[in-house]
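Q: Top line first, the protein sequences correspond to chains C and X. Mapping the first sequence onto this note's numbering, position 96 (from 1) lands on 96, and the numbers just tick up by one. Mapping the second sequence onto this note's numbering, position 34 (from 1) lands on 34, and the numbers just tick up by one.
No wet-lab data here; the hints were simulated from the structure. Heads up, some of the hints might be wrong.
[Unchecked claim] Computed cross-link-like contacts, DSS-like style, restricted to lysine-lysine with a CA-CA straight-line distance of at most 27 angstroms: (1) C:K70 / X:K28; (2) X:K28 / X:K18; (3) X:K28 / C:K185; (4) C:K70 / C:K98; (5) X:K18 / C:K98; (6) C:K69 / C:K98; (7) C:K185 / X:K18.
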Amino acid sequence: MQAPVNAAAKPDSLSDLDLVAAVNGGDVDAFEVLYYRHRDWVVNLAFRFTGDRDLALDVLQETFLYFLKKFPGFELSANLRTFLYPAVRNLSIAGRRKAARYQSSEEEIRMMEARTATGPVVAEGEPLAAALAGLSEEHREVLTLRFVDGLSLAEIAEFMEIPLGTVKSRLHHGLSTLRQDPRTKSFFEA
Amino acid sequence: MMDKNSYRGDEDLEAPDKLVKALATLPKERVSVPRHVDEAILREAREHLRSVGQGQEAKPPAWPWAEMMRVIGDFLRPNGPRWRPVALWSAMAASFVLVAWLMYNFAHPASSHAPAQSVEDLNHDGKVDILDAFCLARQLERGGRPSRQLDLNGDGVVDQRDVAIIAAHAVSLERTGRL
Numbered sequence: 001m002q003a004p005v006n007a008a009a010k011p012d013s014l015s016d017l018d019l020v021a022a023v024n025g026g027d028v029d030a031f032e033v034l035y036y037r038h039r040d041w042v043v044n045l046a047f048r049f050t051g052d053r054d055l056a057l058d059v060l061q062e063t064f065l066y067f068l069k070k071f072p073g074f075e076l077s078a079n080l081r082t083f084l085y086p087a088v089r090n091l092s093i094a095g096r097r098k099a100a101r102y103q104s105s106e107e108e109i110r111m112m113e114a115r116t117a118t119g120p121v122v123a124e125g126e127p128l129a130a131a132l133a134g135l136s137e138e139h140r141e142v143l144t145l146r147f148v149d150g151l152s153l154a155e156i157a158e159f160m161e162i163p164l165g166t167v168k169s170r171l172h173h174g175l176s177t178l179r180q181d182p183r184t185k186s187f188f189e190a
Numbered sequence: 001m002m003d004k005n006s007y008r009g010d011e012d013l014e015a016p017d018k019l020v021k022a023l024a025t026l027p028k029e030r031v032s033v034p035r036h037v038d039e040a041i042l043r044e045a046r047e048h049l050r051s052v053g054q055g056q057e058a059k060p061p062a063w064p065w066a067e068m069m070r071v072i073g074d075f076l077r078p079n080g081p082r083w084r085p086v087a088l089w090s091a092m093a094a095s096f097v098l099v100a101w102l103m104y105n106f107a108h109p110a111s112s113h114a115p116a117q118s119v120e121d122l123n124h125d126g127k128v129d130i131l132d133a134f135c136l137a138r139q140l141e142r143g144g145r146p147s148r149q150l151d152l153n154g155d156g157v158v159d160q161r162d163v164a165i166i167a168a169h170a171v172s173l174e175r176t177g178r179l
C-alpha cells in the first residue's frame, strides 16, 4: 500500500513515486525535481550511446518531452530510470542514424552501426578502459549498468528489454573476458 | 541466445571489489547541460502541466463564431475529401441568392407590382397603398359616389368601413408585399 504523500515534505526528499503522483495532478515543481534528479544520468547515458555532445543534449530534450507527454495518467511501477533507459537508448540510436544520414552514404551508415558505440574514454596507459573498449557494445553495456550504475540484474533486463538469462550470460562473458585479459586479470587475483 | 561460455552460477556474476572501484573511477567524459536547455524543457513542462492541472486537454472556443470558423477551416482543409469545397461553395452561393432575393423583395414590395386595374388602386398609380384609402375617404367626404366595387365588406354601401379595409390592406401589402 502506497503511503500518502506528505504535502509538507520538501519536494527533494520525496520519492520518484510520490513526485510522479504529484505531476499527474499538474504539479510543475514536482516535475522540475524529477528532471534535475535524473538529468545528468540521462544526458551522460545518451553521450555513452551517441558519442556526441550535441546529440546527447538533443536526446536529453526528446527524452524528457517524451516523458512529459505521458502525463496525466503515467503509472510508475519501478525505478524511473527503468522507464527512461529504453527511451534514451532508442532516441540515441535514432539520433545517430539521423546525424549519419547528413554525412554518409547508406553503406557508410551500415558500417558505422556495425561498429561498437563509444566506450569509456581510453586514456593513455589506462588498461581497464582499453580492455573495456575491446568488448562488444552489448557486453560493455551490461557491465557498466551493473557495476557503474549499480542496477540489479532484473533492472538491467528491463532496461535493455532482454531476458534475464541473456543479461546473466552477457555479464558472465564480460567478466570472463576481463579475467583472461592480461591487462585486467590482476583485478581478479587475491 | 546464450553465449558459448554459459555461466555456471550467480557467483560467476560477481566482480571483485578492486574491479568495481576501478570501474567507478574510470575517467568519463561528462556532458554539462546548458541553462537554456533546462529552461526550454521546463517551459514545455509548465505549458503542458498547466492544462493538466486545470483538468482540461483543449481550450474551449472563445465564442461560437470561433468554433464555426474552426469547423469551416477543418472542412476546407486540403487533406479533406475533394467534394468538400464544392459543397461548401454551393451552399454559400445558394445562401447568397436567398439573401439577395429577400433583400430585393424587401426593397420592392409586391404592392408595387399590383395590376393597375385593381379596384382598390383608386389613384391609378399602379399600387394599392394608404393613399388609396385617403382617396376613398376624400370622395366620401365630398359626397362623391364611389364605384360599387369598392363595397369591400359587402354590406351594400361604400363607407368608412371600406376605407378602413383598404387601409388595412395597404399596411398588409407593405409588410408582406402581397394582398
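Q: Regarding the pair X:K18 and C:K98, is the alpha-carbon distance no greater than 27 angstroms?
A: Cα-Cα ~40 angstroms, so violated.
Q: Would the pair C:K70 and C:K98 pass a check requiring their Cα atoms to be no farther apart than 27 angstroms?
A: Roughly 25 angstroms between the alpha carbons, so the hint for C:K70 and C:K98 holds.
Q: If you draw a straight line from the CA of C:K185 to the CA of X:K18, is it 27 angstroms or shorter?
A: holds (11 angstroms)
Q: For the pair supplied as a hint, C:K69 and C:K98, is the alpha-carbon distance within the 27 angstroms limit?
A: holds (23 angstroms)
Q: Holds or violated: are the alpha carbons of X:K28 and X:K18 at most 27 angstroms from each other?
A: holds (18 angstroms)
Q: Is the Cα-Cα distance between C:K70 and X:K28 27 angstroms or less?
A: violated (32 angstroms)
Q: For the pair we were handed, X:K28 and C:K185, check the Cα-Cα distance against 27 angstroms.
A: With Cα atoms ~22 angstroms apart, X:K28 and C:K185 stay inside 27 angstroms; holds.
In summary, the structure is inconsistent with hints 1 and 5 from the numbered list given earlier, while agreeing with the others.
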